[in-house]
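Build out the structure end to end from the sequences listed, making use of the hints.
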Amino acid sequence: MATSLTFTSAGFMQGSTFSSATSANTRYDILSTDATYTRRIYGLSVTSTDAGAQTVKFHLHDGSASFQIFTLNIPLNSGNSTTVASVDAFGSVFGASVFQKQRDANGVPYFNIPAGWKIQMEYNTALLAAEGLYVLVFGETYA
Amino acid sequence: MESKGITSSTPINTKFTVLTSSASDRRLYGFAVLSNDNAIQTVKIHLNDGTNIVQVFTLAIPASSGTNGVASAVDVFGNTLGESVFQKMREPNGLAYFNIPAGWSIQMEYNTTLVSETITTHLFGEIY
Chain L
21 MATSLTFTSA GFMQGSTFSS ATSANTRYDI LSTDATYTRR IYGLSVTSTD AGAQTVKFHL
81 HDGSASFQIF TLNIPLNSGN STTVASVDAF GSVFGASVFQ KQRDANGVPY FNIPAGWKIQ
141 MEYNTALLAA EGLYVLVFGE TYA
Chain P
406 MESKGITSST PINTKFTVLT SSASDRRLYG FAVLSNDNAI QTVKIHLNDG TNIVQVFTLA
466 IPASSGTNGV ASAVDVFGNT LGESVFQKMR EPNGLAYFNI PAGWSIQMEY NTTLVSETIT
526 THLFGEIY
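In order, the protein sequence lines correspond to chains L and P.
Reading the first sequence from the start, the letters are residues 21 to 163 in this note's numbering.
Reading the second sequence from the start, the letters are residues 406 to 533 in this note's numbering.
For the record, the hints were derived by calculation from the structure and aren't laboratory data.
Backbone N, C-alpha and C define an ideal beta-carbon position, used for all residues, glycine too.
Keep in mind that the hints are not guaranteed to be accurate.
Covered stretches of chain P, as calculated for chain L (at least 3 residues, CB under 8 Å) [unchecked claim]: (1) 447 to 455; (2) 494 to 508.
Label-pair ranges, simulated between beta-carbon atoms [unchecked claim]: (3) L:P134 x P:N516: 41 to 49 Å; (4) P:P416 x L:A71: 19 to 27 Å; (5) L:T58 x P:Y434: 23 to 31 Å; (6) P:T485 x L:T56: 30 to 38 Å; (7) L:P134 x P:G410: 42 to 50 Å; (8) L:L148 x P:A507: 34 to 42 Å; (9) P:T419 x L:A71: 17 to 25 Å; (10) L:Y48 x P:T485: 25 to 33 Å; (11) P:Y533 x L:F87: 29 to 37 Å; (12) L:F87 x P:G410: 46 to 54 Å; (13) L:T56 x P:T419: 38 to 46 Å; (14) P:D480 x L:Y48: 28 to 36 Å; (15) L:A125 x P:N441: 38 to 46 Å; (16) L:A149 x P:P416: 16 to 24 Å.
Some chain P residues flagged as far from chain L (calculated, every beta-carbon gap over 12 Å) [what the hints assert, rightly or not]: (17) S408; (18) K409; (19) S414; (20) F421; (21) T422; (22) T425; (23) N441; (24) N443; (25) G471; (26) V475; (27) A476; (28) D480; (29) S521; (30) T525.
This is the structure:
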């Protein structure tokens, strides 16, 4: 536990696209390692243009090994239809045991990713040529 | 703040920039869309990091939104369909905001040909 306050400064965001060029059941980095700074995550969103549902798994990686966090269903056309929202993976009850345990002064959940750690995702069904999964991870850096 | 008027000169189903990239980080507080189209439009919102484009969400813009005294302008920023991105951070007054890092832009596309109609976008916030 720190003995002094450390504030976040710059925001960060990383976007990832999965397509027929990527492979199902393979872990991909959706938040790359920052070797220097710890980061505070506020959101992880998934959009799909897939005509079928996808099952995705999220993992934390400490630089040596991956540790699965949770598994989530991504309904077809999430965020690609005027009736289906993009999926709030960060706020999902399936991952609440990890992502919803800390709150900032405004009551908003966040999750600290220590320096050297990253987040990975895998999906379970091969994507066809016109299909895609889009992932955004964003927050603030303790820099 | 950045506003844009989209007319028939902008092709349908084509991404165009509604918030230009900046060398500074920015905090977005609002994204409104008006339309004087007599028909509903479906628009897609994207984030662009300068290289890659990530689709955020899709929403309907009702006919005459914000232009006829009956239908409101569409609050894209506060829409539940995109709350997994735009509604995840709050400042001390409880207001939602979203950080756009330097180098990122926001893009939009619409799906039905405009004739003499216009879709107007307004994005606003603060610069760090």
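Compare the structure with the hints numbered earlier in the document and write down the numbers of the violated ones, lowest to highest. Of the numbered hints given earlier, the structure breaks none, since each of them holds.
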